[in-house]
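A.B. asks: Read off the chains here:
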Amino acid sequence: MKVAKEETRILLGNVAIARGIIEAGCHVVTSYPGTPSSEIIPAVVEFKKELGLNTYIEWSANEKVAFDNALAASLTGKRAAVAMKQVGLNVASDSLMSSAYTGVIGGMVVISCDDPGPHSSQTEQDSRFFAMFAKVPVYDPSTPQEAKEMVKEAFELSETYQIPVIVRPTIRVSHAKQSVKLSPVNMLDRQADFKKDPERWAATPKYRFVLHKKLNEVLKRIQERFEDDSRWNYEVGNRGEGPFGIITCSVSFVVLMDILEELNLKKNINVLKIGTPYPLPHKRVAEFIERHKKVLVIEETDSVIESQIVDKNKVLGRLSGHIPLQGDLAPDVIHDILASVLNELGIADLEESGDEKLRKLIEGLDIDVRRPTLCAGCPERAAFFAIKKALPKAIYSSDIGCYTLGLNLKAVDTVLDMGAGITLASGFYHAYHQDKKDIPIVATMGDSTFFHSGTASLLSAVYNNARFVLVILDNEITAMTGMQPTPGLGITADGSEGKKISLEELIKGCGVGWIETIDPYDVENLVKLLKKARKYTQRSGGGIAVIVARHPCLIRYPDVCMESPVKVEITDDCDGCQYCVDYFECPALYLREEYNCVEIDRNLCVDCGVCIHACPKGAIIPV
Amino acid sequence: MKVQIILAGIGGQGILFSSKIFSELGLKLGLDIMGSETHGMSQRGGSVIAHLKLGKFQSPVIRTGTADILYSFEENETYRTLKFLRRGSVCFVNLEDPGRFDQKVLDYLKEKEITFRSFDASGAASKIGSVMFANILLIGYSVGTGLVPFNYEDLRYVLESVSKKKNLEMNLKVFEIGVREGKP
Numbered sequence: 001m002k003v004a005k006e007e008t009r010i011l012l013g014n015v016a017i018a019r020g021i022i023e024a025g026c027h028v029v030t031s032y033p034g035t036p037s038s039e040i041i042p043a044v045v046e047f048k049k050e051l052g053l054n055t056y057i058e059w060s061a062n063e064k065v066a067f068d069n070a071l072a073a074s075l076t077g078k079r080a081a082v083a084m085k086q087v088g089l090n091v092a093s094d095s096l097m098s099s100a101y102t103g104v105i106g107g108m109v110v111i112s113c114d115d116p117g118p119h120s121s122q123t124e125q126d127s128r129f130f131a132m133f134a135k136v137p138v139y140d141p142s143t144p145q146e147a148k149e150m151v152k153e154a155f156e157l158s159e160t161y162q163i164p165v166i167v168r169p170t171i172r173v174s175h176a177k178q179s180v181k182l183s184p185v186n187m188l189d190r191q192a193d194f195k196k197d198p199e200r201w202a203a204t205p206k207y208r209f210v211l212h213k214k215l216n217e218v219l220k221r222i223q224e225r226f227e228d229d230s231r232w233n234y235e236v237g238n239r240g241e242g243p244f245g246i247i248t249c250s251v252s253f254v255v256l257m258d259i260l261e262e263l264n265l266k267k268n269i270n271v272l273k274i275g276t277p278y279p280l281p282h283k284r285v286a287e288f289i290e291r292h293k294k295v296l297v298i299e300e301t302d303s304v305i306e307s308q309i310v311d312k313n314k315v316l317g318r319l320s321g322h323i324p325l326q327g328d329l330a331p332d333v334i335h336d337i338l339a340s341v342l343n344e345l346g347i348a349d350l351e352e353s354g355d356e357k358l359r360k361l362i363e364g365l366d367i368d369v370r371r372p373t374l375c376a377g378c379p380e381r382a383a384f385f386a387i388k389k390a391l392p393k394a395i396y397s398s399d400i401g402c403y404t405l406g407l408n409l410k411a412v413d414t415v416l417d418m419g420a421g422i423t424l425a426s427g428f429y430h431a432y433h434q435d436k437k438d439i440p441i442v443a444t445m446g447d448s449t450f451f452h453s454g455t456a457s458l459l460s461a462v463y464n465n466a467r468f469v470l471v472i473l474d475n476e477i478t479a480m481t482g483m484q485p486t487p488g489l490g491i492t493a494d495g496s497e498g499k500k501i502s503l504e505e506l507i508k509g510c511g512v513g514w515i516e517t518i519d520p521y522d523v524e525n526l527v528k529l530l531k532k533a534r535k536y537t538q539r540s541g542g543g544i545a546v547i548v549a550r551h552p553c554l555i556r557y558p559d560v561c562m563e564s565p566v567k568v569e570i571t572d573d574c575d576g577c578q579y580c581v582d583y584f585e586c587p588a589l590y591l592r593e594e595y596n597c598v599e600i601d602r603n604l605c606v607d608c609g610v611c612i613h614a615c616p617k618g619a620i621i622p623v
Numbered sequence: 001m002k003v004q005i006i007l008a009g010i011g012g013q014g015i016l017f018s019s020k021i022f023s024e025l026g027l028k029l030g031l032d033i034m035g036s037e038t039h040g041m042s043q044r045g046g047s048v049i050a051h052l053k054l055g056k057f058q059s060p061v062i063r064t065g066t067a068d069i070l071y072s073f074e075e076n077e078t079y080r081t082l083k084f085l086r087r088g089s090v091c092f093v094n095l096e097d098p099g100r101f102d103q104k105v106l107d108y109l110k111e112k113e114i115t116f117r118s119f120d121a122s123g124a125a126s127k128i129g130s131v132m133f134a135n136i137l138l139i140g141y142s143v144g145t146g147l148v149p150f151n152y153e154d155l156r157y158v159l160e161s162v163s164k165k166k167n168l169e170m171n172l173k174v175f176e177i178g179v180r181e182g183k184p
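Protein sequence lines correspond, in order, to chains A and B. Numbered according to our numbering, the first sequence spans residues 1 to 623. Numbered according to our numbering, the second sequence spans residues 1 to 184.
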């Protein structure tokens with residue numbers, strides 16, 4: 001069946017990717033949210049509703065779970081897609097590596113969104129290296145439109161060669177928006193039909209060797225296909241010989257094209273655009289290099305294409321020191337790379353980007369950097385404030401989410417990766433305990449992160465007799481990435497009812513003997529509870545103490561989160577000490593310098609009343 | 001037509017909605033649209049900046065010194081984003097007190113032939129009922145000045161098509177006020 005729908009719409013890159021998944025007739029789509037990938041699943045849900053499709057869509061508990069669910073669908077012959085951010089692929093990598101060997105049946109596309117910059121991630125890792133590592137092909141789109149088309153081809157490639165295929169958009173593709181041409185939706189009528197084949201699906205090491213050999217052969221065939229491909233790998237320019245050419249990919253390609261147009265250099269410089277960086281079409285690349293005296297390789301985020309080039313004699317790039325080793329390649333960066341290389345080669349004389357005079361003027365104004373901060377009224381701020389108050393000398397191991405911003409309250413000492421709030425707390429305990437030292441440790445973790453990777457961390461810590469206080473910051477949503485539901489909410493990706501998982505039951509199930517639940521807005525009692533929890537970690541027969549600090553996210557649930565508003569005012573007792581500004585850090589509290597006192601920004605204040613506890617002079621009082 | 005627009009402000013000021021207005025306008029005018037948005041951690045009260053390129057462009061981001069129009073909804077974000085403007089461009093700035101804006105920077109803009117127009121959109125919006133209207137006011141204002149290459153009818157049409165039903169009447173009213181304020 002075909003759903004006819006040909007039109008142009010302005011789509012966010014991630015929405016275009018979702019559209020590609022739908023146009024390819026994909027049956028199963030799974031994901032765990034993470035910037036810059038989070039908008040893919042909601043867009044798939046929208047298209048499903050708009051077109052009345054039967055797509056199965058799930059927010060999984062983590063990326064590995066998402067990967068495996070999609071893979072199983074592929075093994076039954078259906079098409080499946082799994083989407084995640086680049087560090088999510090670390091979590092799913094075990095499955096990725098193994099499935100490269102066993103292969104797939106129905107098209108299986110892995111979308112891994114990279115974050116050069118990084119804007120909202122703990123690393124700048126390049127997912128294309130993961131493709132090389134796992135030995136699976138990868139498409140590298142430059143625009144939302146191209147991402148949509150590449151996703152569709154990735155399904156076809158995956159099905160033809162029975163191999164999972166990665167599509168790697170960077171944040172500047174995922175969060176770009178473009179007028180995108182939509183194509184008809186090709187609904188594939190496929191019934192699940194898993195054909196048993198233990199030598200493949202349950203392969204032992206002996207058969208794994210055979211599968212690895214087959215994988216290498218498949219990769220060779222895919223490389224040959226990419227050599228002939230002119231849709232994603234093509235040349236812009238006169239295709240002749242020249243003193244200088246550029247090999248580029250992803251968003252760097254389009255940024256470069258706009259710069260060449262602006263500088264009127266299009267005629268002088270040949271550009272080879274690579275859309276399939278692995279397996280690299282080696283012959284195409286070598287032939288391009290052959291025709292030029294010097295070739296610059298511009299790619300985000302790491303040197304995937306450049307590293308694969310065998311003869312680097314003529315090649316300029318990251319490895320030769322011409323491209324920065326970190327950070328995203330913004331238009332100014334690419335312009336300046338180009339300027340310096342063209343000057344060096346004597347081809348053109350270009351000035352550096354930016355206006356020094358303006359830069360100095362603005363620098364002289366000494367404008368505050370606007371750092372991200374927890375929202376006014378955020379229950380997590382209340383919890384962090386109580387933690388600092390109750391256990392000011394503790395080691396604070398935290399985790400990934402809005403609550404990473406507890407950094408601003410100095411209540412976060414470590415942020416490693418998902419789940420490490422608990423595992424590092426456990427590790428800290430044992431390292432000190434070995435020296436017979438008892439130090440307070442407070443781990444913080446959000447509800448979604450706990451469901452993602454908290455349970456294995458927690459039960460291992462309980463099993464091994466670690467002792468620390470764990471505060472689960474339960475705002476009943478995955479807030480940072482855009483309000484995706486959690487297992488604790490019991491609502492699935494498309495809004496239908498799922499089974500609600502109780503955090504408290506889960507924590508009990510991990511063997512924890514001390515659990516209390518409290519609303520963090522009740523700062524006074526939370527402080528008392530934290531002190532009690534600490535005592536439990538010290539007493540004989542004690543262990544890990546868990547506090548579930550539960551209050552709904554006020555962005556997601558503006559109506560229910562403020563059931564009993566407490567309007568506050570600041571009295572004349574305020575002496576402008578700024579304790580509240582520095583240690584409570586609510587954006588609605590600011591120092592009015594001319595009066596040397598703190599004032600409330602009523603546009604931001606949500607009447608949570610928690611700041612009453614944040615003034616050591618008692619100058620913040622209920623109205 | 002080729003136009004590059006920067007929209008700057010902080011989370012919650014309706015930057016993404018403003019960007020939507022101009023991109024739908026581009027679509028109506030039959031232009032290619034490319035742009036870029038901020039999502040994720042920066043949205044928690046951080047700087048938000050949207051790039052929008054209408055016409056024959058390939059990349060979603062604007063290089064410094066090349067933008068034609070800047071809409072800035074916040075004073076400090078204005079200072080931070082002026083670098084995007086080219087010689088002879090125009091900026092519309094939401095400012096409570098224009099007298100407070102740095103004179104040396106204004107002199108610099110003059111030297112670069114950049115037209116600087118400030119308007120207390122937040123103040124006017126509060127009077128109408130909500131600071132949330134500041135974005136539409138400033139856009140209306142810019143159309144009123146006649147300094148932007150978009151006409152009143154097209155923008156009004158687009159605003160009608162992108163507004164949610166419950167906001168439609170108010171959005172149009174606010175837009176008209178902005179246009180009036182901008183008229184010389």
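Mixed in with the good hints there might be a few duds.
[Claimed, not checked] Okay, derived cross-link-like pairs now, DSS-like style, lysine-lysine, Cα gap no bigger than 25 Å in a straight line:
#1 B:Lys20 x A:Lys360
#2 A:Lys617 x A:Lys389
#3 A:Lys567 x A:Lys389
#4 A:Lys181 x B:Lys127
#5 B:Lys165 x A:Lys567
#6 A:Lys266 x B:Lys165
#7 B:Lys104 x A:Lys48
#8 A:Lys266 x A:Lys294
#9 A:Lys357 x B:Lys164
#10 B:Lys110 x A:Lys49
#11 A:Lys617 x A:Lys528
#12 B:Lys20 x B:Lys83
#13 A:Lys48 x A:Lys617
#14 A:Lys181 x A:Lys388
#15 A:Lys360 x B:Lys166
#16 B:Lys164 x B:Lys20
#17 B:Lys110 x A:Lys357
#18 B:Lys2 x A:Lys48
#19 A:Lys181 x B:Lys112
#20 A:Lys49 x B:Lys2
#21 A:Lys360 x B:Lys104
#22 A:Lys410 x A:Lys294
#23 B:Lys2 x B:Lys104
#24 A:Lys389 x A:Lys532
#25 B:Lys110 x B:Lys2
#26 B:Lys20 x A:Lys266
#27 A:Lys357 x A:Lys388
#28 A:Lys49 x B:Lys104
#29 A:Lys393 x A:Lys567
#30 A:Lys267 x B:Lys56
[Unchecked claim] Sample of chain A residues with no beta-carbon within 10 Å of chain B, all distances over it, derived:
#31 Ala43
#32 Asn69
#33 Ser142
#34 Pro184
#35 Lys196
#36 Trp201
#37 Ala202
#38 His212
#39 Glu290
#40 Ala330
To be clear, the hints were calculated from the coordinates, so they are not data collected in a lab. Note that the coordinates shown come from a computational prediction; the quantities given were computed from them, not determined experimentally. In this text, a Cβ means the ideal position worked out from N, Cα and C, and glycines have one as well.
A.B. asks: Examine each Cβ of chain B, and state whether all of them lie more than 10 Å from the Cβ of Asn69 (chain A).
C.D. replies: holds (25 Å)
A.B. asks: So if I understand the rule, the pair passes when the alpha-carbon distance is 25 Å or less; does Lys20 (chain B) with Lys266 (chain A) pass?
C.D. replies: Roughly 31 Å separates the two Cα atoms, so the pair is violated.
A.B. asks: Confirm or reject the statement that Ala43 (chain A) sits farther than 10 Å, beta carbon to beta carbon, from all of chain B.
C.D. replies: holds (13 Å)
A.B. asks: Is the straight-line distance between the alpha-carbon of Lys617 (chain A) and that of Lys528 (chain A) 25 Å or less?
C.D. replies: holds (21 Å)
A.B. asks: Is it correct that the beta-carbon of Ala330 (chain A) has no partner in chain B closer than or equal to 10 Å?
C.D. replies: It is violated; Ala330 (chain A) is separated from chain B by about 7 Å at its closest Cβ, not greater than 10 Å.
A.B. asks: If you draw a straight line from the CA of Lys181 (chain A) to the CA of Lys127 (chain B), is it 25 Å or shorter?
C.D. replies: violated (42 Å)
A.B. asks: Hey, Lys2 (chain B) versus Lys104 (chain B), does the alpha-carbon distance stay inside 25 Å?
C.D. replies: Since the Cα atoms of Lys2 (chain B) and Lys104 (chain B) sit roughly 31 Å apart, the hinted pair is violated (cutoff 25 Å).
A.B. asks: Are the Cα atoms of Lys360 (chain A) and Lys166 (chain B) separated by 25 Å or less?
C.D. replies: Roughly 46 Å separates the two Cα atoms, so the pair is violated.
A.B. asks: Over 10 Å to the closest beta carbon of chain B is the bar; see if Pro184 (chain A) clears it.
C.D. replies: holds (21 Å)
A.B. asks: Within a Cα-Cα threshold of 25 Å, do Lys617 (chain A) and Lys389 (chain A) meet the stated pairing?
C.D. replies: holds (15 Å)
A.B. asks: Does Lys181 (chain A) pair with Lys112 (chain B) here, judged by a C-alpha cut-off of 25 Å?
C.D. replies: violated (39 Å)
A.B. asks: Measure nothing beyond the straight line between the CA atoms of Lys393 (chain A) and Lys567 (chain A); if it is 25 Å or shorter, mark the hint as holding.
C.D. replies: violated (32 Å)
Hints 1, 4, 5, 6, 7, 9, 10, 13, 14, 15, 18, 19, 20, 22, 23, 26, 27, 28, 29, 33, 40 from the list above are not met by this structure, while the remaining hints are.
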